[in-house]
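Chain order of the listed sequences is A and B. Here the first sequence stands for residues 2 to 330, numbered as in the numbering used here. Here the second sequence stands for residues 25 to 311, numbered as in the numbering used here.
Read the hints as simulated data drawn from the structure, not as lab findings. Virtual Cβ for every residue (Gly too), placed ideally from N, Cα, C. Mixed in with the good hints there might be a few duds.
[What the hints assert, rightly or not] If you want the footprint, here are the derived chain B segments under chain A, 3+ residues with CB under 8 Å:
no.	region
1	65-79
2	203-214
3	301-308
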Amino acid sequence: MTDRKPAPVQGGPTEVFMHERASATPNGAASLRETRPKSTLKRPDLRVVGAAERAPLALPLRDAQVWFASAITHPESAAAGDDDVDRILTSTPRMSALDRLGIYHHAYRARLVECLVDDYPALNYGLGAEAFEALASDYVTTHPSRSPNLNAYGKAMSAYCHERAAHTPFEHHAFAADLAALEWALVEVLHAPDAKTLAPEALQAIPPERWGDARLPKSAGVRLLSFDYPVNAYFQAFRNDAEPEIPEPNASATAVYRQGTLIWRMDLTPAMAALLASLFGGATLGEALEAIEAAAETPEALAEAERSVMIWFREWVQSGFFATIELPA
Amino acid sequence: MSNRFQIANLGVGLGLRTTHYAHILEANPKVDWFEIISENYMQTAGRPLAILDRIAERYPIAMHGVSLSIGSTDPLDWAYLEELRALRERTNARWVSDHICWTGVAGRNTHDLLPMPLTEEAVRHTAARIREVQDFLEAPLVLENPSTYVEFASSTMKEWEFITALCNEADCGLLLDVNNIYVSAFNHGFEAAEYLRGIPLDRVVQMHVAGHTRHETHIVDTHIGPVVDDVWALFGDAYARVGGASVLLEWDAEIPDFEETHAEALRAHDFIAKHATARSALAGARS
């Protein structure tokens, strides 16, 4: 434990990282993947349509859309399990119906994987492009979008790193889950509304004897994250183009928050993280400080923490960590 | 102003992209107008909107959506439409556009602009939904012809016939994307000129130009790179036929710096000037 306050570091998803969604089509050829879970969007039973074999098939609009969506979102290929592609779609002298459908099949997955690369640039770097694409592609299969918008599409990536590892083990999955949690917090904070925050002057108005009873609820614009790996240091090294190696486990904690249009990351010592976690959990300041005492590893560390608390508070209030200060009547 | 809706011609604009935010906010460049991808500013309350507010204070905005899914057989998403309308009010957007397509079905969004079967059933279905949306927005919906890579065997009409039927039944506006005409003409083997002759030009509120990626067998609408000469030529022809409309360059991958991107958009003026010269010569000959 130390009273040396880690300096906050500016920088979340910058304009460089935030590629927006557009109406363009991703380039490239259809890609076939062989070992993916099956798509769950069920294709219509075309036998009921009753058209003569190999004759063009005129599906009702609903069936045509369900068939098409099922084909292009299929994890393996647009043709998997379907002999009717060339009855539903036309060929040209240059391209078969299946190859044409393959353009959409490729674009579907490529667009969503690209979205995940945008949201998780450090994770993409850390795992390497090939391993990240495999992870992202499986995510696309298991997490179809149900939103008109991709802003929250990657939300479940941290949890998915653990889920996927349970059936498809991959290297560094626990580190990946931690780093994904940090990168998602940056995205969340970017989109979070300007939150109500406690003004620094409000602290001056509290009589010293009442501090113990004060509660300091979390501002909606801050995220407090605890990790098994030092992922904020890794993320910063990635941002600095320092080509970081994946680190050994080492517990860390980071606060992520936005002030105006700037996104900040602040490393927290164990004492800081414990204090903030208690306060954000609804404890009074007195109760939260007791938690620090209990957590202190040595008497010296405890003395240092007690000396530092007011310095921390000033920084946290200036950074907008607290929504307000509440005192019992 | 040549469209039947009396929607103003804003000039030559640019698609607003995050990579250009800093330059636009700092240098305040002279640009006629910006088009935003609507969904990039929806389901967010943070930095994207804060920056958009500053840009919308200085420049005219039009909204271009990618998830209305007007041709889908799923129910219309009223929560989406509510948010779309609120964004229009917030930015004072001059019109709201999207695509003649569907993007998902059975509650799932593919986030792609998927092709419609060009049938009477699809016309009736889509036109009814366009009318509902227009009633809700209390404004014409402006719809873009998409790039497509497949055609349904069940189609009974050409794309321009489908669009004409849709416009007649729904009374909507058109965003004429000349790159998409070029791409689809190559992919499906039709003549771009025939397409232009076939669509209701008095409904064109806006035009798009963009780059694409040409393969041996097909062209993909990637919005990469400068607009090829053939597309500029098609733009010139289309602009003259339309008789003037707001023009916009889409550049969505490997985006260069602001000045280079804007310079590419401003090439439209070469063709607009030719149209103006030809028109005044024609007027002179008549007088």
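Quick rundown of the hints versus the structure:
1. 65-79: It holds, with 9 qualifying residues against the three required.
2. 203-214: With 3 residues in contact (Cβ-Cβ under 8 Å with chain A), the coverage given for the region 203-214 of chain B holds.
3. 301-308: Since three or more residues must qualify, the claim that chain A covers the region 301-308 of chain B is violated, with 0 doing so at under 8 Å.
In summary, the one numbered hint that this structure violates is 3.
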